[in-house]
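This is what each chain is made of:
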Amino acid sequence: MVKTMNPGEKLARFNKKQKTKSVLQKVLAQCFIWIVLLVMYVPILVLIAYSFTTATNIGTWTGFSFDLYVRFFTIADKDAVEIWTALGNTLIIALTSSLISIILGTCGAIGTFYSKKRWKGIIENVTQIPVVNAEIVIAMSLTIMFVFVQTYIFGGANIFGFWTLIAGHVVLSLPFVYLSVKPKLQQMDPALYEAALDLGCNQRQALMRSVVPEIMPGIASGFLLSVTLSLDDFIVTAFTRGAGLLSGDKTIETLSTLVQAKIKKGPIPTEMRVLTALIFVVVLLIVVAITIYNNRKKGPKIRRGRGTK
Amino acid sequence: MSSNKFSPNPEENAIRERKKRAKRGSHFFAFKRKYLMIPYAVFLALFIIVPIAIILVYAFAKTNENGAIVGFSAEAFLSFFTSTTKLNVLTVSLFVGILNTIICLLIGYPLSYFLANRKYNTNAVLVMLFVMPMWINFVLRTGATRDVLTFLGINGGNHAYLATMIGMVYNYLPFTILPLYTTMIKLDKAQLEAAADLGANPVGVFFRSVLPQSVPGIVSAAEMVFMPTLSSYVISDTLSEGKITLFGNIIYLHFSQSQWDKGSFMALVMLILVAITMVVSHKFGKEDARTENALW
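Protein chains in written order, with my numbering: chain A, 18 to 326; chain B, 102 to 397.
These are computed hints drawn from the structure, not numbers from a lab. Treat the hints with care, since some could be wrong.
Interface residues of chain B toward chain A, partial, derived using beta-carbon atoms under 10 Å [unchecked claim]:
1) Arg-134
2) Tyr-136
3) Ile-155
4) Thr-164
5) Met-229
Derived lysine-lysine pairs resembling PhoX-like cross-links, with alpha carbons at most 25 Å apart [to be verified]:
6) B:Lys-187 / B:Lys-344
7) B:Lys-287 / A:Lys-43
8) A:Lys-314 / B:Lys-287
9) B:Lys-290 / B:Lys-220
10) A:Lys-38 / B:Lys-220
11) A:Lys-95 / A:Lys-314
12) B:Lys-287 / B:Lys-220
13) A:Lys-43 / A:Lys-33
14) B:Lys-290 / A:Lys-38
15) B:Lys-133 / A:Lys-36
16) A:Lys-201 / B:Lys-287
17) A:Lys-279 / A:Lys-95
18) A:Lys-33 / B:Lys-220
Derived, one-sided and incomplete: chain B residues facing chain A with beta-carbon distance under 8 Å [as the list claims (entries may be wrong)]:
19) Met-138
20) Ile-153
21) Gly-168
22) Tyr-221
23) Leu-230
24) Asn-238
25) Phe-239
26) Val-240
27) Ser-332
28) Ile-352
29) Gln-360
30) Gly-364
31) Met-379
Where a beta carbon is used, it is the ideal one built from N, C-alpha and C, also for glycine.
Using the sequences and the accompanying hints, generate a full structural model.
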């Protein structure tokens, strides 16, 4: 019997071939994604796994226990107190610097938006400097300026402390607040402000009641960006800090500087494994919350996209 | 606002009068929206412009450890070009920076392509998972990487470069995925299909359509990795156990020894590198702006 294929059969066979090919591609792509993801998480996950044992070195498992967690939450434990102090410092610094950043940055963005083109150009260009500049250059230049001021204006009295540290962090995060508020101002309906004036507001009221609510999402994302930048910062903190805050007479330690000081001497201290586990859980919860929020917001949109395809 | 003539309607006149008064402000100091810029501008001047001006001066000065200027000299400038250790810092930094950028792009590019393509991935949460490590303190992550690598037998003592590169890629990969993913999401699917329909094989589609369209993402991803790598301190210090000295390490060293003049000079060199990188990436950026305009 002569083998003949009708066109329909040929097409079906071709489609099947294509389908197996695309399935294979998908499997390979998924494998690649998951392998990279897994490799990326290995150090964190290993550290978290070792928070359930009291071994000092990673690689030697000495039995499952919650001892480290107990120690971490014990006020009398010296290492734990150190970590809690650093954590407190870090949070205070992050919140203070972000608050200053959003106030200065939002005012700056509004003011620049309504000023003349020449000023606008200058401000925008200067705002870009810390964004593109290397962090260590920002830190070094600020430190040298503080040293200069200390020597020539304060006559050698130590000015390094909480406020120099805050200034450093504000420099880091301010441009990001400006850059996240600016697009919201551009999207805003300019008639709103005029309408507020027409309805009897003075300029300040008009700003507070019509402009600020409109640009609120930009301010919020600027705030979140500032907080993340500040929490993660090491270089600027290490350069511009002095004594003060919860560290008292000693140099301010934030999480980054404390961890750095510890890992320079040896493996990550056991209590910090617990800290990593806790941070991981908090971040995971935030990610889950954001995902749920986004899905709820974009739900119908995604469905429509799939339908059309 | 449109005309200054008084209209015969008294109500309208009253409104106009009130608006004028509001604009003038009730106080003798007339508030204007643009005045809000002043504190911002002052802050920028004091904490961005002045510090840079000061390092420009200090780079060519001699200072004591209190930061007081005791004279001017081009010693730092000359020693940079004559001392092999400082030129070494430059070459090693550039080498590590370029290598890290290439590795991150080689991993991040296909990864973002797969993540953004519906054909391979429909799970948006995966992208979040790739970005999530960015929210865990990076010093802690670096320490964890170091400890795990030590357990695997790779440490600063025997494989300083390998350990440092692994640490760098670990830290900067999420930063490349984000900009690449956003450009990949925006790829013009119609163009890709058109290229395939017009007879391009997958390789042709990639080089003629996908790659040119994703240049902005590549440039911004490279920007996110290159400079921070050159100037990183913690990663190279921890993972190479102080064996590899990058710009970040040497500036930190000058800082910890209160050598403000030398530190300023190295910061200035770094600043020049930043400027060069900016010019180069700006050039690429402009080019795609042009192609983008051509597309539309």
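Hint check:
{"no.": "1", "hint": "Arg-134", "in the structure": "holds (4 Å)"}
{"no.": "2", "hint": "Tyr-136", "in the structure": "holds (6 Å)"}
{"no.": "3", "hint": "Ile-155", "in the structure": "holds (5 Å)"}
{"no.": "4", "hint": "Thr-164", "in the structure": "holds (9 Å)"}
{"no.": "5", "hint": "Met-229", "in the structure": "holds (5 Å)"}
{"no.": "6", "hint": "B:Lys-187 / B:Lys-344", "in the structure": "holds (14 Å)"}
{"no.": "7", "hint": "B:Lys-287 / A:Lys-43", "in the structure": "holds (20 Å)"}
{"no.": "8", "hint": "A:Lys-314 / B:Lys-287", "in the structure": "holds (20 Å)"}
{"no.": "9", "hint": "B:Lys-290 / B:Lys-220", "in the structure": "holds (12 Å)"}
{"no.": "10", "hint": "A:Lys-38 / B:Lys-220", "in the structure": "holds (12 Å)"}
{"no.": "11", "hint": "A:Lys-95 / A:Lys-314", "in the structure": "violated (46 Å)"}
{"no.": "12", "hint": "B:Lys-287 / B:Lys-220", "in the structure": "holds (15 Å)"}
{"no.": "13", "hint": "A:Lys-43 / A:Lys-33", "in the structure": "holds (15 Å)"}
{"no.": "14", "hint": "B:Lys-290 / A:Lys-38", "in the structure": "holds (20 Å)"}
{"no.": "15", "hint": "B:Lys-133 / A:Lys-36", "in the structure": "violated (65 Å)"}
{"no.": "16", "hint": "A:Lys-201 / B:Lys-287", "in the structure": "holds (21 Å)"}
{"no.": "17", "hint": "A:Lys-279 / A:Lys-95", "in the structure": "holds (14 Å)"}
{"no.": "18", "hint": "A:Lys-33 / B:Lys-220", "in the structure": "holds (16 Å)"}
{"no.": "19", "hint": "Met-138", "in the structure": "holds (3 Å)"}
{"no.": "20", "hint": "Ile-153", "in the structure": "holds (6 Å)"}
{"no.": "21", "hint": "Gly-168", "in the structure": "holds (4 Å)"}
{"no.": "22", "hint": "Tyr-221", "in the structure": "holds (4 Å)"}
{"no.": "23", "hint": "Leu-230", "in the structure": "holds (6 Å)"}
{"no.": "24", "hint": "Asn-238", "in the structure": "holds (6 Å)"}
{"no.": "25", "hint": "Phe-239", "in the structure": "holds (6 Å)"}
{"no.": "26", "hint": "Val-240", "in the structure": "holds (4 Å)"}
{"no.": "27", "hint": "Ser-332", "in the structure": "holds (4 Å)"}
{"no.": "28", "hint": "Ile-352", "in the structure": "holds (5 Å)"}
{"no.": "29", "hint": "Gln-360", "in the structure": "violated (11 Å)"}
{"no.": "30", "hint": "Gly-364", "in the structure": "holds (6 Å)"}
{"no.": "31", "hint": "Met-379", "in the structure": "holds (5 Å)"}
When each numbered hint is compared with the structure, violations occur for hints 11, 15 and 29.
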